[in-house]
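Asker: Here is how the chains run, residue by residue.
Number of protein chains: 6
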Amino acid sequence: MTIHIINPNSSAHVTAHMAEAIAPIAAMSPVALACHTLSEGPPGIETQAHVDGVVQPLLAFSDTLKDEASAFVVACFSDPGLAAMREAHDVPVLGIAESAYMQAMLMGQRFGILSLGRASIQRHIRYLGALGISDRLAADLPLGLGVLELADEERTLERLSEVGTTLRDRFGADVLITGCAGMAQYRARLENMTGLPVVDPCQAAAAAAIGQVMLSACNNKREKRV
Amino acid sequence: MTIHIINPNSSAHVTAHMAEAIAPIAAMSPVALACHTLSEGPPGIETQAHVDGVVQPLLAFSDTLKDEASAFVVACFSDPGLAAMREAHDVPVLGIAESAYMQAMLMGQRFGILSLGRASIQRHIRYLGALGISDRLAADLPLGLGVLELADEERTLERLSEVGTTLRDRFGADVLITGCAGMAQYRARLENMTGLPVVDPCQAAAAAAIGQVMLSACNNKREKRV
Amino acid sequence: MTIHIINPNSSAHVTAHMAEAIAPIAAMSPVALACHTLSEGPPGIETQAHVDGVVQPLLAFSDTLKDEASAFVVACFSDPGLAAMREAHDVPVLGIAESAYMQAMLMGQRFGILSLGRASIQRHIRYLGALGISDRLAADLPLGLGVLELADEERTLERLSEVGTTLRDRFGADVLITGCAGMAQYRARLENMTGLPVVDPCQAAAAAAIGQVMLSACNNKREKRV
Amino acid sequence: MTIHIINPNSSAHVTAHMAEAIAPIAAMSPVALACHTLSEGPPGIETQAHVDGVVQPLLAFSDTLKDEASAFVVACFSDPGLAAMREAHDVPVLGIAESAYMQAMLMGQRFGILSLGRASIQRHIRYLGALGISDRLAADLPLGLGVLELADEERTLERLSEVGTTLRDRFGADVLITGCAGMAQYRARLENMTGLPVVDPCQAAAAAAIGQVMLSACNNKREKRV
Amino acid sequence: MTIHIINPNSSAHVTAHMAEAIAPIAAMSPVALACHTLSEGPPGIETQAHVDGVVQPLLAFSDTLKDEASAFVVACFSDPGLAAMREAHDVPVLGIAESAYMQAMLMGQRFGILSLGRASIQRHIRYLGALGISDRLAADLPLGLGVLELADEERTLERLSEVGTTLRDRFGADVLITGCAGMAQYRARLENMTGLPVVDPCQAAAAAAIGQVMLSACNNKREKRV
Amino acid sequence: MTIHIINPNSSAHVTAHMAEAIAPIAAMSPVALACHTLSEGPPGIETQAHVDGVVQPLLAFSDTLKDEASAFVVACFSDPGLAAMREAHDVPVLGIAESAYMQAMLMGQRFGILSLGRASIQRHIRYLGALGISDRLAADLPLGLGVLELADEERTLERLSEVGTTLRDRFGADVLITGCAGMAQYRARLENMTGLPVVDPCQAAAAAAIGQVMLSACNNKREKRV
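If you read the sequences in order, they're chains A, B, C, D, E and F. With the numbering used here as the guide, the letters of the first sequence map in order to residues 1 to 226. With the numbering used here as the guide, the letters of the second sequence map in order to residues 1001 to 1226. With the numbering used here as the guide, the letters of the third sequence map in order to residues 2001 to 2226. With the numbering used here as the guide, the letters of the fourth sequence map in order to residues 3001 to 3226. With the numbering used here as the guide, the letters of the fifth sequence map in order to residues 4001 to 4226. With the numbering used here as the guide, the letters of the sixth sequence map in order to residues 5001 to 5226.
No lab work stands behind these hints: they were computed from the structure. This one's a predicted model, so the numbers in the text were calculated from it and none came from an experiment. Please note: incorrect hints may appear among the correct ones.
As the list claims (entries may be wrong) - Far from chain A, by Cβ distances over 12 Å, these chain D residues were calculated: (1) Pro-3057; (2) Leu-3059; (3) Asp-3090; (4) Gln-3109; (5) Asp-3135; (6) Ala-3138; (7) Gly-3146; (8) Leu-3150; (9) Gly-3172; (10) Glu-3191.
Unchecked claim - Pair ranges (Cβ atoms, derived): (11) D:Leu-3148 with F:Glu-5153: 42 to 48 Å; (12) E:Glu-4154 with B:Glu-1040: 53 to 59 Å; (13) A:Glu-154 with F:Glu-5153: 42 to 48 Å; (14) C:Ala-2027 with E:Ala-4151: 52 to 58 Å; (15) E:Ala-4151 with F:Ser-5161: 55 to 61 Å; (16) C:Leu-2157 with E:Glu-4158: 29 to 35 Å; (17) D:Ser-3161 with A:Glu-149: 24 to 30 Å; (18) D:Glu-3149 with E:Thr-4002: 38 to 44 Å; (19) C:Asn-2192 with E:Ala-4027: 26 to 32 Å; (20) A:Asp-90 with C:Asp-2152: 29 to 35 Å; (21) D:Ser-3161 with F:Glu-5153: 39 to 45 Å; (22) A:Thr-165 with B:Leu-1148: 53 to 59 Å.
Claimed, not checked - Facing chain A, according to a computed beta carbon distance under 10 Å, are these residues of chain D, among others: (23) Arg-3155; (24) Arg-3159; (25) Phe-3171; (26) Asp-3174.
Idealized CB from N, CA, C, for every residue including glycine.
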């Protein structure tokens, strides 16, 4: 049995970064982890139409993996289709945003989110409200970077430092979340730049998924939704 | 390295039940789990004085385990000394109540808590507020049972059924939490009686602790508090 | 120009009931209202997969109406695709659930929701959280009726009376919302049975849409999203 | 039948500005809109004593209009006497602040309020709490302008630009509300300066009132308070 | 100097009951307490129009007492004119509802309110929201009694027992508040019937006012509003 | 009978400052106030271990004062052992932080906290959540001063002015709280520098305790916890 981590965008290099980010976790894991690229997805998930548009392909693709799946991870910070995936599958399904929030709540009192652009912040705020954890948010600020600009290390680190410091000093964040699936390579450096723990959503979700699989071992019906 | 699960009360049979409850998890875990009884603790933790009274012994005992610890779990549903333990240790520290809440939030929208007595509910409500997740609570109702009465299976199952059904039907709970460390033996039956998933706090915390250890593998400084 | 009200399920008789429900409003309206059935939709929207599955057809269908649209209304109580519709269109887009909540907030302090089944309540609770108005909810209770059973007047009225009275007397609701697009024919009777004002989501959204069109007249760029 | 919009301060020029602001709405409306000045009111409503002091005259004046009224609008951003007006009248009664908040909630996730002075902000915060929508507020900041200074276009635009930009960039507002009845003439320019939609409370309330009248057509008893 | 407690209704016997209720406090107080009846008030404050209608007379009457006042208490559970009174006076002004809530928050985690009729509950809920303490409310239930019916001891005690027990057992209240100025004579018996502490609003406000006067002694400018 | 104010740290000079701060209150009080130093406490309470570590000594010491106590005040801004003290004693027990928050809520709509260091802010945020009053917090900012540095008047006043002004202007605080037991000597000057009322926690708690004692006079069983 395997934990299937599905990147709902079609960019294989993003999936490759995820695999690299979770390698230390996979190395320890008693259950296999496999990263997949959703070929039907857009190159990047930037709009609400993208978010809603990948749900059906996600359901279809995950259905093909169903028989050998011990858990699924939806690896996009908008957690597209999470509720539908949970409805469709008996095994645990995790979203990287929800997992990152839960992880941050274990590591500090108020988390700060570093989002790529302003557009996604509205979605995050709505989602935090839906999760009933808005009070744990210090602030969610835009880096003002496009997905492609993340390749520019110098510029990215400069913005991460600026925004991370603002989240810490002006908004009182004591833990940070990189609000995007493809920023694991910057996590350690952001921790060093700010002195705060930084949560990478993919790593948080991979670890959480392993925990869910172990809990399922206590009772296979445990994850059954009502 | 080992995940040390410390039962802060001095009742070895409670610790034995915990070990039994987490056995399926331990069997899969890449890291060893060890359950301990805090000999300085009271037979059961029922009052605020008990909660506060075990903090110092917990800190002292955990200090003796420090060098071989990859994580700690405080195994009492009042999460005594959790903040102090996190302050004292660089490795992850989990509380079974916080872990149960996080687990329940992954399994439903509003959780119901089955507490032993009325006295602990005030504490739970304060704690949920401190965690900023009060909106996820459906209700917290007392079973009206003492720790010893949990040995009376018939009476306990009757009350679990009554209270669990009330939480589901009157308060809209879609997931249940047994608000006590020693009720794992009733979990599956409570699920069958109510048709709702039921979270056992010790199992939830053990699984979460393994996830935290794996995350630490991504970055040993990760858990460092600011 | 026209306000296009789209029923995202494929049941024409439901659309016919909507048209009937809003007839008094259409009769007064300075702008035409047209009700449409989304032929690609399922007969009824009951699962999360249904909710997510209608978004793309909704976007496609609304796109064909775009040039002559002064506003859109998504006429399903789960407000499927509302964010994506707003992203796609420059004209106002209303959801019947959001509109019903806003209307209820003008008519009482705490609204009660009468939902068909238990399954949709989780969605409603998440949505109220996303809207930041959870404190205005008295309770959301299931009628335990399927869409087809709504045709059974006697049974439906009996359950509406039971649940409406419970929302008023046990949970303190001072206004009620029928949590489904097809119950307008029961609104007046539910008001008489409970003595509380009752909001029909389709009527609330139609009226709100007319208001939005008039506001747009003050400034055509007004509805432009950022 | 007529929608009566009552400016509770005695400054006829403010009433004239309101009439101008809602002219595009009135031009489309199937029901007449009439703006009135409350002669017993103070020149401007700036203190809590002013707010409370206009309630009785408002009730008395609205009573004289009762027989030909299809709805009332209280046109002061403190919504003076709104609850008493609703208690007194069977027809819909709207306040421009409540209407502006509802409108802003349809146009963005978090609204920013531009208030004239610091003194009114305490009132706004209390009111948002009473409405249960505090989570939708980004921030409420003072322009530091008196009512008379609004006549100084240059100074006013400069402050609107500064405060509007701060609300957008530092506090994450994605929609703005001018927290005063007499600023409609600046709305379009504030939208251009900030790129955010801006809600004028009088326009929002006028449009909402028309919607309420149309809903009343579905059921004359609809607005009856319990 | 004197603490002036003003009953904003015109029923002298209610004022007499207040004086009796606070007698044990007055006997210990270093500063004199005087109870007054607002002759311009209605016999009882039951509607929103009553609430708003007493503000001007309250301000006028309190102004005549100003020179010898060390504090004011507005002795109606709707706290009419509290904000205006605080704006008008430099000395501390207390409302009996706000004081009762604060007192209850010191005595339990979630308070239950026993209101006379359904009508006032909407007001209480709005007020708790304005105070930002809604999370501390267990529930607010109507006794279904008019002010005059409070003279019927048997009937009143029966309802107090029913509602108090419901607040405790169904809604988890651990402290109760009698939501009316004239019920002090029932407080001790309600405590005995429910086993919960019961807050009488007038007693709570009188004690709080004495505390405020003592704080003022530390700094006469202390209470100055900004 | 006496109100015993216990400074849980072992620094007698801090206790001396407290006694000085409450002298004007003690001078008016009908009941004696006595300040005590907890010799078993640390010189200052700066860590969570300190907070938890003083609970047992506090309980033991307060037990020796029990027979002549009319109330207790725990005089540390972390309110260590407050719940345990209330459980242990039948007389009122107040914490200076809770009392300061309640006092600030009477003096403004949103309070700002001036904390010594960043470390204590996490604790304050958790506590405000537990009290259910997070919405009343404007912000909690660190002065960046150690307890000893408070002796440096020039430096302290400079930071108080900077932070107090930021709380007022950027975060909209309309009342301030000095988040430490030993800053009463700066209160008046901070009020003058900011124009905002400033709450000293020890003064607030002393005044509140006197009020509680007077309330107890109405009913000796009043403070009995359930």
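Asker: State for each hint whether it applies.
Answerer: Here is how each hint holds up against the structure:
no.: 1; hint: Pro-3057; verdict: holds, 40 Å
no.: 2; hint: Leu-3059; verdict: holds, 37 Å
no.: 3; hint: Asp-3090; verdict: holds, 35 Å
no.: 4; hint: Gln-3109; verdict: violated, 4 Å
no.: 5; hint: Asp-3135; verdict: violated, 6 Å
no.: 6; hint: Ala-3138; verdict: violated, 10 Å
no.: 7; hint: Gly-3146; verdict: holds, 30 Å
no.: 8; hint: Leu-3150; verdict: holds, 30 Å
no.: 9; hint: Gly-3172; verdict: violated, 6 Å
no.: 10; hint: Glu-3191; verdict: holds, 17 Å
no.: 11; hint: D:Leu-3148 with F:Glu-5153: 42 to 48 Å; verdict: holds, 43 Å
no.: 12; hint: E:Glu-4154 with B:Glu-1040: 53 to 59 Å; verdict: holds, 55 Å
no.: 13; hint: A:Glu-154 with F:Glu-5153: 42 to 48 Å; verdict: holds, 45 Å
no.: 14; hint: C:Ala-2027 with E:Ala-4151: 52 to 58 Å; verdict: holds, 54 Å
no.: 15; hint: E:Ala-4151 with F:Ser-5161: 55 to 61 Å; verdict: holds, 58 Å
no.: 16; hint: C:Leu-2157 with E:Glu-4158: 29 to 35 Å; verdict: holds, 34 Å
no.: 17; hint: D:Ser-3161 with A:Glu-149: 24 to 30 Å; verdict: holds, 29 Å
no.: 18; hint: D:Glu-3149 with E:Thr-4002: 38 to 44 Å; verdict: holds, 42 Å
no.: 19; hint: C:Asn-2192 with E:Ala-4027: 26 to 32 Å; verdict: violated, 55 Å
no.: 20; hint: A:Asp-90 with C:Asp-2152: 29 to 35 Å; verdict: holds, 33 Å
no.: 21; hint: D:Ser-3161 with F:Glu-5153: 39 to 45 Å; verdict: holds, 41 Å
no.: 22; hint: A:Thr-165 with B:Leu-1148: 53 to 59 Å; verdict: holds, 54 Å
no.: 23; hint: Arg-3155; verdict: violated, 28 Å
no.: 24; hint: Arg-3159; verdict: violated, 23 Å
no.: 25; hint: Phe-3171; verdict: holds, 9 Å
no.: 26; hint: Asp-3174; verdict: holds, 6 Å
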